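Colleague: Okay, here's what each chain looks like letter by letter:
Protein chains: 2
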Amino acid sequence: MEYPRITSRRNPLAKAAAALAGSARERRERRRFLCEGARLCRDAAESGIRLEACFFTAQAMEKYPEYLKAVLTRSKEAYEISQEVAQLLSATKTPQGVFCVCESPASRWENVTGLAPEGPCIVLEDIQDPGNLGTILRTAEALGRFQVFLLGNCCDPLSPKALRASMGAVFRLELSLESSPERLLALLHGRGYQTHGAVPRESARKVTEVDFSKGLHSIFIGNEGSGLRPGTAAGCGDCVTIPMRGRAESLNAAAAATVLIWELARGERSHGG
Amino acid sequence: MEYPRITSRRNPLAKAAAALAGSARERRERRRFLCEGARLCRDAAESGIRLEACFFTAQAMEKYPEYLKAVLTRSKEAYEISQEVAQLLSATKTPQGVFCVCESPASRWENVTGLAPEGPCIVLEDIQDPGNLGTILRTAEALGRFQVFLLGNCCDPLSPKALRASMGAVFRLELSLESSPERLLALLHGRGYQTHGAVPRESARKVTEVDFSKGLHSIFIGNEGSGLRPGTAAGCGDCVTIPMRGRAESLNAAAAATVLIWELARGERSHGG
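Chains as they are written, first to last, in the numbering used here: chain A, 1 to 273; chain B, 274 to 546.
Errors might be hidden in some of the hints.
To be verified - Going by beta-carbon spacing under 10 angstroms, a handful of chain A positions derived as facing chain B:
1. 23
2. 26
3. 27
4. 28
5. 136
6. 139
7. 147
8. 210
9. 211
10. 215
11. 216
12. 243
13. 261
14. 266
Claimed, not checked - Heads up, incomplete: computed chain B residues facing chain A, CB under 8 angstroms, no partners named:
15. 297
16. 301
17. 303
18. 334
19. 360
20. 412
21. 512
22. 516
23. 517
24. 524
25. 531
If you're looking for bench data, these hints aren't it; they were derived computationally from the structure.
Note that the structure is a prediction, hence the values are computed from the model and not measured.
No residue lacks a Cβ here, since even glycine has one placed at the ideal position from N, Cα and C.
Given these sequences and hints, build the entire structure.
Modeller: Shown next as structure tokens:
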């Protein structure tokens, strides 16, 4: 099959796709995002994300025929692109040469008040680094079945960096967006959830002392540098901390989240048996 | 106090310092490494690392006077450098402008057979990404008191990226280098250690089923892509795995290490009471 070719970086379709990679605002306003990489594009397609257009290089077609086949059968449009255009679209130095403009699933994430979560919840407040956000989402997907809330001003989970770090977890997770801590706390408390705010404070309750196997639990994890907002921490039922031997500041944000998610997952497992 | 100034990127001292940042071989042969950042240089100084020479910009002296004071009192030599030279020495786009040429502690790490570890051990085999290695060392320092072995062909923990990710943990940890899995397994078994090889295999023993609170334990963690070498996994007393709900491949190397180190630390805590 022959595909239309795009060889110029000034091609309007290429420029519009590149703009999605570069700007969260562009993604929000056009309700689209750019997915890069053979595996990630295939994951998007198989997770029910709608593919508007696929862009691929001739080299990528030789190297990733299986992945590309899965993508091309689901994409409304498809274009063969030059290496030069691949460089324009790519966030990496050596692009694989596979890209998709996808419909954003973010509108599904917005109806928080209609949510009726029944399992453990992870709340991420003001996470700023896309690599951290993606890694935490990836860990959440691996370790359990969680409802994940992005609270306050988190970075965009659909940015190229966050997508890459999440390994596509963002397509498969139950994700929700909520700007107001008060509203989210009220929702969770209203549904019978215990709310635990994670803080790096030795005097807080040790996370190992919480019995996650009984009842409904949610853990609130804050910004990399400044932690939870004071109001959010104060609104949680209790504050929990990771007991440490070394210096408290020596656990990075993603590692701290991993420990907390793991502890929550432990409880979930003994729930389910 | 006045310090000699270096303003040219061709200055031999500046070039020699930059070479340490760029090459593991250079670090090995000259038994020196380059430490970057106000906090990290201070941490090195306070951890008993010998500082051969400090390089700092005038701007850094204004911005980090306390950190620099701690560094300068312990450094044999010190030079004020231009922004241009700071760029040459730096691994980042916007350098803080503080650098130290330090004596490598690696010779202390080499006498493995003389070791008599008594607490939990973490063995990292063939870890290739300096960011992962640094992060894992940082997590190990935060969560417990571990003897850490770098086994086989790990990347250099004294590279700029590994140092930065470790937040100086590499200066404070009990670290050992060993090239031979057989030798390390024999050492640990000889000292009464249980040896657990971490594998991403559902059929392996769940790490949650190991009672780390009794006896001496070591966990072997393998390469990011290919895991433990088959011979190493086979030589371990048992193989353990992290129980997952999601796809096994969706936990990244640093997150998997965090869970394993956390479980080991849990046991250590109940040991000590």
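Colleague: Taking each numbered hint in turn, which are not upheld by the structure, reported in ascending numerical order?
Modeller: 1, 2, 3, 4, 7, 8, 9, 10, 11, 15, 16, 17, 18, 19, 21
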